Structures are given as structure tokens and as C-alpha cells.
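Visitor: The primary structure of each chain is shown beneath.
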Amino acid sequence: NAGVTQTPKFRVLKTGQSMTLLCAQDMNHEYMYWYRQDPGMGLRLIHYSVGEGTTAKGEVPDGYNVSRLKKQNFLLGLESAAPSQTSVYFCASRLTPIEQFFGPGTRLTVL
Amino acid sequence: EDQVTQSPEALRLQEGESSSLNCSYTVSGLRGLFWYRQDPGKGPEFLFTLYSAGEEKEKERLKATLTKKESFLHITAPKPEDSATYLCAVQGGTGAQKLVFGQGTRLTINP
Numbered sequence: 606n607a608g609v610t611q612t613p614k615f616r617v618l619k620t621g622q623s624m625t626l627l628c629a630q631d632m633n634h635e636y637m638y639w640y641r642q643d644p645g646m647g648l649r650l651i652h653y654s655v656g657e658g659t660t661a662k663g664e665v666p667d668g669y670n671v672s673r674l675k676k677q678n679f680l681l682g683l684e685s686a687a688p689s690q691t692s693v694y695f696c697a698s699r700l701t702p703i704e705q706f707f708g709p710g711t712r713l714t715v716l
Numbered sequence: 388e389d390q391v392t393q394s395p396e397a398l399r400l401q402e403g404e405s406s407s408l409n410c411s412y413t414v415s416g417l418r419g420l421f422w423y424r425q426d427p428g429k430g431p432e433f434l435f436t437l438y439s440a441g442e443e444k445e446k447e448r449l450k451a452t453l454t455k456k457e458s459f460l461h462i463t464a465p466k467p468e469d470s471a472t473y474l475c476a477v478q479g480g481t482g483a484q485k486l487v488f489g490q491g492t493r494l495t496i497n498p
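From first to last, the protein sequence lines are chains A and B.
When the first sequence is numbered by my numbering, its final residue is 716 and no position is left out of the sequence of numbers.
When the second sequence is numbered by my numbering, its final residue is 498 and no position is left out of the sequence of numbers.
These are computed hints drawn from the structure, not numbers from a lab.
Remember, predicted model here, so these are calculated numbers, not experimental data.
Virtual Cβ for every residue (Gly too), placed ideally from N, Cα, C.
A portion of the hints provided could be inaccurate.
Straight-line Cα separation of at most 27 angstroms, BS3-like style, residue types lysine-lysine; simulated pairs [what the hints assert, rightly or not]:
| id | chain 1 | residue 1 | chain 2 | residue 2 |
| --- | --- | --- | --- | --- |
| 1 | B | Lys466 | A | Lys619 |
| 2 | B | Lys446 | A | Lys614 |
| 3 | A | Lys614 | B | Lys429 |
Taking CB as the label site, the calculated pair distances span [what the hints assert, rightly or not]:
| id | chain 1 | residue 1 | chain 2 | residue 2 | range |
| --- | --- | --- | --- | --- | --- |
| 4 | B | Pro427 | A | Asn678 | 19 to 29 angstroms |
| 5 | B | Phe433 | A | Ser623 | 14 to 24 angstroms |
| 6 | B | Ser439 | A | Glu635 | 22 to 32 angstroms |
| 7 | A | Pro644 | B | Lys466 | 25 to 35 angstroms |
| 8 | A | Pro613 | B | Pro427 | 17 to 27 angstroms |
| 9 | B | Pro427 | A | Ser672 | 27 to 37 angstroms |
| 10 | A | Arg649 | B | Ala397 | 34 to 44 angstroms |
| 11 | B | Leu400 | A | Thr612 | 30 to 40 angstroms |
| 12 | B | Leu400 | A | Ser623 | 42 to 52 angstroms |
| 13 | A | Asp643 | B | Ala464 | 29 to 39 angstroms |
| 14 | B | Ser439 | A | Thr659 | 22 to 32 angstroms |
| 15 | B | Ser439 | A | Thr620 | 42 to 52 angstroms |
A few chain A positions that, by computed beta-carbon distances, are all more than 10 angstroms from chain B [claimed, not checked]:
| id | residue |
| --- | --- |
| 16 | Arg616 |
| 17 | Leu618 |
| 18 | Ser623 |
| 19 | Gly658 |
| 20 | Val665 |
| 21 | Glu684 |
| 22 | Gln690 |
| 23 | Gln705 |
| 24 | Val715 |
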């Protein structure tokens, strides 16, 4: 099992550009999450999904969109990137309430 | 609103010097308190889940405890490989399956 994988690992964007971050899990988990991690702020939930075809807003959803067309994939989109979206993005998935499995992260810089 | 505060922000110990990390929380109906370990450039790795006051969990040199207001992560005779950032998170009764994270404690163990 690869667990949770994220693509790409690094990306540099210019203000106003768009991009999509891909999260994939091979554990047949129902729940998937997108977080951002900033220095001194901890992990903050952007959007999450409780199953295929469903999405919901988290703590900091503005400027992001998500889609869960397939159970194993959760996509995070930035339509018009801003410098404030410079961060490290983590995807996570879980089956039970006990444990969320995290991916390795995507480091995004918006110039 | 669920909140998690971790202290100290950073802790430097000598190898073999035991200590504790603190996680204070306010939550509506605690469903679980989670401890994660995060190494630089990687995603968080699950350590423990605690569900009710008085519960304790152990893993190697780590022991997590829980009261109604806080959790402690006790580190006994640490080794340099225990150096990492330790994250605490809570899942409350509202807000459907979401975790709220603290900002983390950066632990450094000097040989």
C-alpha cells in the first residue's frame, strides 16, 4: 500500500495563476481532508469529504475549491492564487475515528 | 468554538532528560484527543488517541495522559531520534469528523 500520496511535492506560482493539487489514497477510506500548515498556526482544515461525491467547508475554505469524483482521489483547486496561499498543504484520509493518515505534503509558493 | 493550545512552543533537552509536553483544550463534547509526531518536511504521524479523562496510552518512551481540560505527553529518557514536532488535536461532538490542531511543540534532544 502506498498510503496517502500527494502531487506535486513542490510548486511555485505567480499571483493569479491556477493549479490543482491531487491527493490519492489506496486504503479505501471514506473520509478525506485538506489542511494547510503555516508557521505558528498549526494545521487548519480547508475542506473535507465524507464520501465519494460529497464535499464540505472547513475552517479556512475561501479561495479554494475541491472535488471528490472518485473515492480514492480528493482534488484541491486554487482558481486565482494569492501570496496568502503560500503554505504547506497536507491531505489526510481515515476509515475510523481513531486515526487520520497524512500524506507527505505539497509546498506551494505564490509570488 | 473548539480550541487547542500547546506549551511550550519549543523544548530543548539533553539525552536522557525526561520532561512533559502540555496540550490544553476546550471542546464541546470531546470525542477524542489525538497526538501526532511530525518530522521536518513530512506529514504528521499518528501516535495516540485518548477518549476519556483518566485514560493513559504508552508507546516506547512516550506516555500520553488525559484530564478534562488537558493532556500531557510524557517523554522518559529521550533519545536524539525523539526530536520532532509533536501535535495535539481534538475532535468535538459538533463539526462532523473534524480535528482541531494545536500549533505544536518543537522538541529537540541533544546527544
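Visitor: Of the numbered hints stated earlier in the document, which are not met by this structure?
Guide: Of the numbered hints given earlier, those the structure breaks are 1, 2, 5, 10, 23, listed in rising order.
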